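Student: As given, the protein sequences belong to chains A and B, one line each in that order.
Counting in the working numbering, the first sequence runs from 16 upward without gaps.
Counting in the working numbering, the second sequence runs from 200 upward without gaps.
What the hints contain is simulated information worked out from the structure, not anything from laboratory work.
A hint or two may mislead.
[To be verified] Computed beta-carbon distance windows for the label pairs:
(1) R379(A) with A354(B): 25 to 35 Å
(2) A233(B) with R379(A): 34 to 44 Å
(3) L351(B) with R286(A): 40 to 50 Å
It should be emphasised that the depicted structure is a prediction, and the values quoted were computed from it without experimental measurement.
From the three backbone atoms N, C-alpha and C, an ideal C-beta is built for every residue, glycine too.
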Amino acid sequence: MLDAPTHAGLRVNGEARRIRSAPSTRVSSVLRDELGLTGTKVGCEAGDCGACTILVDGEPVCACLVAVGQLEGADIVTVEGVAANTRYGAGLQRAFHAAGAAQCGACTPGMLVSAAALLDGNSEPSDAEIENALGGVLCRCTGYRKIIDAVKAAAGGDIALETTGEVGARIARLDGRAKVEGRDPFGADVIPADALMARAIRSPHHHAAFSFGDIDAFVAAHPGVARVFTAADIPGRNLHGVIAPFADQPVFAEREARFKGEAVALVVGERDCVAALDLSEFPVTWTPMAHVLTAADARQPGAVRVHASRPDNILVRGYVEKGEIGPATLAEAQVVAQIAFETGFVEHAYIEPEAGFARRVGDRIEIAACTQAPYMDRDDIAAILGIAVDDVRIVPTAVGGGFGSKLDLSMQPFVAVAAWLLNRPVGMVYSRPESIATTTKRHPAQISSQIMATREGRFVGIEFDARFNTGAYASWGPTVANRVPVHASGPYFVPNYRATTSAIHTHCAPAGAFRGFGVPQAAAALEQTIDDLAWRIGMDPLELRILNALDATTPTATGQVLGDGIAFRECLEALRPKWREARRRADAFNAEARGPLRRGVGVAGMWYGCGNTSLPNPSTMRIGLKRDGRIVLHQGAVDIGQGSNTIITQIAASALGLPISQFDLVSADTDQTPDCGKTSASRQTFVTGRATETAARALRARILRLGNAGAEARIEIGEGHIRIFDRDERRDVALADLEAGAFGYLLCAEETFDPPTSALDQKGQGTPYALYGFGAHMAEIEIDIDLGVVKVLRIVAAHDVGRAINPTLLEGQIEGGVAQGLGLALMEEFHPGRGENLHDYLIPTVGDVPPVEHILIEQPASVGPFGAKGIGEQALIPTAPAVLNAIRHATGVMTLRVPATPDRLRAALKARTRTGGG
Amino acid sequence: MGLLHRPRSTAEALDFLAAGPATLIAGGTDVFPALVDRPPPERLIDLTSIPGLRGIAVGRDAIRIGAATTWTDIARADLPPSCRMLQMAAREIGAIQIQNRATIGGNLCNASPAADGAPPLIALDAQVELASSRGLRVAPVENFLIGNRKTLRAADEIMTAVVIPRAFDDALSVFLKLGARKYLVISIVMAAALVDLDSERRVRVARIAVGAASASARRLRNLESRLVGMPADGDFRARIEDADFAALSPIDDVRATAAYRIDAARELVARALRLAGGAKDA
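Here chain A stands alone, though its shape is the one from the complex (with noise of 0.2 Å):
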């Protein structure tokens, strides 16, 4: 008899369980749906990410590659019991807290058990052990370099948790801890387990028309499955998009769909019975049709359009122009500096696949999902529902990463739809490859840009010129289009400028909003054209961006005088003894080589306008005071894992003049917290940030009118009174005397801020930003050039971020935008149709990215919040040209096509040694 065991009996977290899933069940399966431990994350069944990392008998492991009945007998840890099942692990989370290791907290659980794995085991690593015991666990937030550090304390015990204080200080995240223990509830995490779940079929070709089979055969031959949906089932309009006047994409195709993974039928059923269908047996019929892929193709004479309503497949076209371009430009400049630029698609890939579930309650929908958008979101929901915005309630859950492309509908619209019309909670989970097929990408681009100086280095003119390959449908393209060619001459001053950009079709996955909306690939490559410049007369790059850079008095592309809040040459100066020293360095290094290995150390600048172009993008905060003395922050700028929670609250108390702990957050929720725009365009510590601090002022005000009070009053609230002390005075208010007003509360202020902008002209002149931040990255670099492969040794980014309101979170961003940056000019792209997974699409592990030093310039713009800036962006947009540029430094060669993986590098290098060029 050949008998299979049917219940595998395992220790988890120190107790003993019998598994009611199949053995063959992965294990990461089990403890999530069957045991409820969901701190467990799961971020691509494929072993390529480690976000499932447990511990096996003291081993870590991933859980979505043991089947369980492989592990009878076995002792298990997951992050729920690190804390009480090995030695340094509680260590560990609160050293994670306290450094900011933690920021979105999807690959914590998987980053903590393998350090608590290694510090069991050796309690006084190297940095190189601990880089290996973390090189299986894939972080897309913190650049790993506060994880290290994390462990390092945690093995010195020498761990400091600030908890508490004002703008300013390095407290740790508000919702640090649960990031940390694995409580933080992200999209997959709160789908109740009578869900029904959902998947959805996607096209396999680029481009194809379809049709249906008996699809009632189908649902009968399944028992299990509820429902299949198509675009039939929509009750409102088959619709979307992030901005409303070029909405073009269909929940699900009809007839036609254009690119691959797009979705046409969503099946509904019980959650095993929807797991282990095999999809291919759905009954639908493609008939694939003539597809363009590239920009260059997509405008090629005769080519197949993808909307019927777009001709020659141009979405938008983007514009700005100051003085003159043209022959007296050119007779001025006494140098031509120019380059050829192109860039690939690049993936998002936050940890958490996107995730969330939809319940119908009455007559109103309600959403639980991941998003960086939720207005956004409930307003599309609501016309594809065809009920009104007020019947839609949209809740985020904890976001495991967004950098963007959450900003877009992805599986909202068939939970919506499927909970709607089954009147049952639907769930869905994305799978990797889904994930990576089907939502947004950075654009790639293709660049001219040219840069016209005299012979002393002062600029002239630019021109530049960007294709932008926008995908099949709009999501982010005109924000592109339009964001870019007022970006396109960096930080510097330039008489004349034009720049023009158009955002092209083709049947690729739509390209949306990505970290910097495009301006990374321009910065570049212009940063590069300013290094050839500097090249060709024979100037010193950094001195050549000094001699250029904006200050408060020089107009902008624009035309834009900002007054204050720009301290660029500032970052430019404070590198410059670090970039004198290693640029000697590195020379010398050169001089002396004898073997493959060359030095170089490139600098790039950074300019970001921070919120919407020249639209609007208000921000409404609302702070209250309850009977219990606890003031309540409607804190509904979601936070994705850039701190939001943390800084808007420090703003918060600060304004106010109360301790953080006095708050209680209401965190995103379109009934619960006015509407604080997206989480994008580096807006959130400014646009919200300063209707926070001028909400908390007004919360303020009326405090000390209580007491008649002047404003340098200090305020306490505790055993049921307001105290008020004013000079000499005190007065006290207790809270039973007052009554309640507006939303409940005793006090209550609500403020909106929106950014003052102007609309740009038909040159593109005007206003398009009240605030932009600055910086400039130095990197040093080390290649191989036989064998083409890039390390970098070391990041210096200098940033001017008006006010540090935390400088830990800000230090956080910033490194995460440099491993961002570096994988952007070293290895990350996605090629549509093949590698949609972790181990095909790289991007950086901990071994890859070298340490960050930072330098924080804090001159405080008026218009931020305590002089704050946003840095999100910021922080990736000059790393790859640093990048670049320091690998022109070493070797000479520059590099017209990113990533600059190894082979590509090497060929650049032979033709250089063919041609003899340097």
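Given the coordinates of chain A, work out where chain B should sit on it, guided by the hints.
Tutor: Chain B alone, transformed into the frame defined by chain A:
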């Protein structure tokens, strides 16, 4: 309902295998990723439950590594210098999470062109043992790997061990892997080299294998024979010829071009030989 058989012996595993279609699983690091979003196979036979299949025995003439031995086991084992390249490869497979589960037998049976274990095992003249109801047979690893995802293993066979002859324990050996990032990376190309010296520090035997540059890893025998008699600190690089790589058939893929793979293979071989000859750096 997916069954998982947990045999206690190879004989029992073979009985399960004979009973009908089933998938053999050990570390699961290839079986599960291959599913993508499909459910597990109906019948799995777990080879990690067979006590005799895991472990390393250093015998008088050969080193026997059970097929279900993990790469962590191999990396931690006390093995002679000739096996250093195998231990170096063990530490470069995925990352610790993968090394703790993935097995030497799985690496070979999965037969990826980029299998990190293949070049050192081929360079060591290792053999695999295959058990079936017909008995035990033995085949050189080099012959066992017949192509991309293709091996000599018949559907009713189970790999039980990898056997490394102890021909030259004290020979230095080196494994070099080239990838586009530090951890969790599929090789663009890799090289394994072993150099055995005579009493005058001249090359007695050289063994060289290159992986990820053909459907399966390849030995460079012409080059090996040309190196015999060279001094340990000689210019190995100068002996390498284009023709040495003629047997490779790399492809263009998302990781690199074919032309680059040949170029990089040549460079890695030169470096690996120099290091295996005793040089401090490549």
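Student: Each hint: holds or not?
Tutor: Hints and how they fare:
Between R379(A) and A354(B) the CB atoms are about 57 Å apart, so this pair departs from the stated range of 25 to 35 Å. Separation of A233(B) from R379(A) is about 43 Å and conforms to the stated range, judged on CB atoms against 34 to 44 Å. At roughly 42 Å, the beta carbons of L351(B) and R286(A) sit within the given window of 40 to 50 Å.
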